[in-house]
Amino acid sequence: MTIRDHAGAAEAFTADAERTAWHDEALWFVRAKRDEVTHAIPEWEALRTIASGIKAHTLSLLDDYLEEFERNAVAHGVTVHWATDADEHNRIILGILRERGATRLVKSKSMLTEECGLNHYLEAQGITVVDSDLGERIVQLGHEAPSHIVMPAIHKRKAEVGALFAQHFGTSPEEDDPNRLADAARGPLRRALFGADAALTGVNFAIAETGGIVVCTNEGNADLGCHLAPVHIACMGIEKLIPRVADLGVFLRLLARSATGQPITAYTSHFVRPRTPGQFHVVIVDNGRSEHLGRPDFREALACIRCGACLNTCPVYRRSGGHSYGATIPGPIGAILSPGIDLAKHASLPFASTLCGSCGDVCPVKIDIPGQLYRWRQLVARGGHLDVPKRRAMGCLGRILGSRRYYEWAGAIGRMMLRLAPAVPWLVRRTAWGRERELPVAPRESFRDWYRRNRDT
Amino acid sequence: MSSRERILQAVRANRPDRRALPDLPVAGPLTADAIPRFVAMVESVGGRAVHAPSGSELAAMIDHAYPDAREILSTVDEYPRSTVQVDHDTPREALQHIDLVVLRGSLGVVENGAVWLADDALPHRALPFVTTHLVLLLRADQLVADMHGAYAVLQLEHDTPGFGVLVSGPSKTADIERALVIGAQGPRSLLVIVI
Ligand code: SF4
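Just so you know, the protein sequences line up as chains A and B, in that order. Residue numbers for the first sequence follow the numbering used here, so the first one is 551 and each next one is one higher. Residue numbers for the second sequence follow the numbering used here, so the first one is 129 and each next one is one higher.
To be clear, the hints were calculated from the coordinates, so they are not data collected in a lab. A virtual CB, placed ideally from N, CA and C, is assigned to each residue, including glycine. Be aware that one or more of the hints could be misleading.
Stated by the list, open to error - Partner residues are not named here, just some residues of chain B that face chain A (Cβ under 7 Å, in silico):
#  : residue
1  : 142
2  : 143
3  : 207
4  : 212
5  : 286
6  : 287
7  : 297
8  : 312
9  : 314
10 : 316
Next up, chain A with everything else stripped away, as it sits in the complex (with noise of 0.2 Å):
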């Protein structure tokens, strides 16, 4: 694998100039949104200090933590499930929906069955799953991945969904309204809902404190699911606890801001006990979390409250699109988290950004980002997954930029070339660096020259 995969990918995207240039503006608005609601908190910063401290606090007990939370839930009748990997967690799910012959399963939005490969592995064994949320439905369909952690299917447009529906929901071709197309949708959406045998949610916080959970959602498919089924199945990673109610107060506050740019979600959703009659799972997975919380320069990562934030403001991935990453998380936290769990498949994603810093200003829990992009790169270097040419030209760099000598030879070899380069074609249009930008005009002299001509006088 080369540091070209990023990029690779991303050509597929931004082929179609128009899709791209929607994509990016479409998510900058959001990102505005989030600015105008972010700046009416004055203590906006202070809250970011407080959420960070707080996930930091939680991650230097977790363990206890995560008992403290078991402890609780089972007290309040929930029974609990430790899955150490992706393929655990999916045998403990099918478990608990062949215990009870249940066969038509409905999701609301988790990242963590995504990254577990839930459906597919359900479908394999005759389960039918139907992904309840809107977003996370069209995808379903149109048999992708999410797109972004928020908005699942902000890469597609209108009147694809529209071609989707009339396949699926039966709704004239043409069709491509907004309004009408989720319309169409409501009708099997709810119908699955109230059909189905069991009802899984992903998790926003886990409250040590209590035992219980938070689910925060603005289509209230996750609470149709789980309220109408008999058995109710939500799944964590063990990095979404926090110790106190209390603290969810700081997390709301920060969430739907920074995610749409709405005050909070339209449903905040507390499960502590199962219903009755009913049941409640929860499944705490690790897969590969308590590795990373093992690697001092990247475990803040865990902190992340799966905002969208970072993906909104970043302007490569606003311009690439969430599958350009080639992982179920993309962004700059995809690009951060990805790394850890393969380091050589993942090797392009520390560089699928100019390191401007945007990600890490917006993040409410004050991840650096930024900082974790830069070391990543080392280590991708280190490990030896730099491409070719990169690696040839970072070698090159280094030499030039250690030598006085090769340094002054390098400005007047550049100088020339630019004079050059317009009657070279081929340097202009065909390297990365040429297609898409305008050569500067080449100054006659270097600063220093100039500098030692005019020093005296």
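Once you've looked at the hints, dock chain B with the ligand against the given chain A.
Relative to chain A, chain B with the ligand alone:
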């Protein structure tokens, strides 16, 4: 070794040095214009809110707002118009076509227009989500300024309900080209009445 032990052991081995738990912000003060601000916030999240109709006026207002509602469930004395009975054991099929649910909230949050509903206010947990229209009654003295105030009042750490939800506006989605659509899978409208 069980998976539970394996995970806990790995976490224990890898966790960073202990960091202090920060103090939480104190609740913001409730300003004199809390009610109009709450009303405006509910409207900005796609709901409707009104302040202070009383007694028969309130019932007439709900009647007027939902003239076509046939299957109605109300738990509030001010609106004794239930046409269906629902409890925990009601089969879900019977919840499918409910037009209007009227419930009493126990707390409202000015900064985000959310209203708290918990098990004790819910004959069935699905009610606020299955209904086409949802009406929530709230006393003005149940408003708090912000989320810190909300959790300070709710005290869930001492007495947690089995389920509780903050409802801010009707069900909505922006999953198709980011266009806001009110009434996704849940309620198509929300009316909050502050009394
Ligand atoms: S890293 Fe920060 S900004 Fe990005 S999704 Fe996570 S919490 Fe949000």
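Going through the hints against the structure:
A least Cβ separation of about 3 Å between residue 142(B) and chain A falls short of the 7 Å threshold, and the interface hint therefore holds. Using the Cβ-Cβ criterion of 7 Å, the hint placing residue 143(B) at the interface with chain A is satisfied: the shortest such distance is roughly 6 Å. Using the Cβ-Cβ criterion of 7 Å, the hint placing residue 207(B) at the interface with chain A is not satisfied: the shortest such distance is roughly 22 Å. The beta carbon of residue 212(B) comes no nearer than 16 Å to any beta carbon in chain A, farther than 7 Å, and the hint placing it at the interface is violated.
A hinted interface residue such as residue 286(B) counts as satisfied when its beta carbon comes closer than 7 Å to some beta carbon of chain A; here the least separation is about 9 Å, so the hint is violated. About 10 Å separates the beta-carbon of residue 287(B) from the nearest beta-carbon of chain A, more than 7 Å, and the hint is not met. The interface hint given for residue 297(B) holds, since its Cβ lies 5 Å from the closest Cβ of chain A, which is under the 7 Å cut-off. Restraint check, residue 312(B) versus chain A: the minimum CB separation of about 4 Å is within 7 Å; hint holds.
The restraint placing residue 314(B) at the interface with chain A holds, with a minimum CB-CB distance near 3 Å, inside the 7 Å limit. For residue 316(B), the interface hint is violated, since its Cβ never comes within 7 Å of a Cβ in chain A; the closest pair sits about 9 Å apart.
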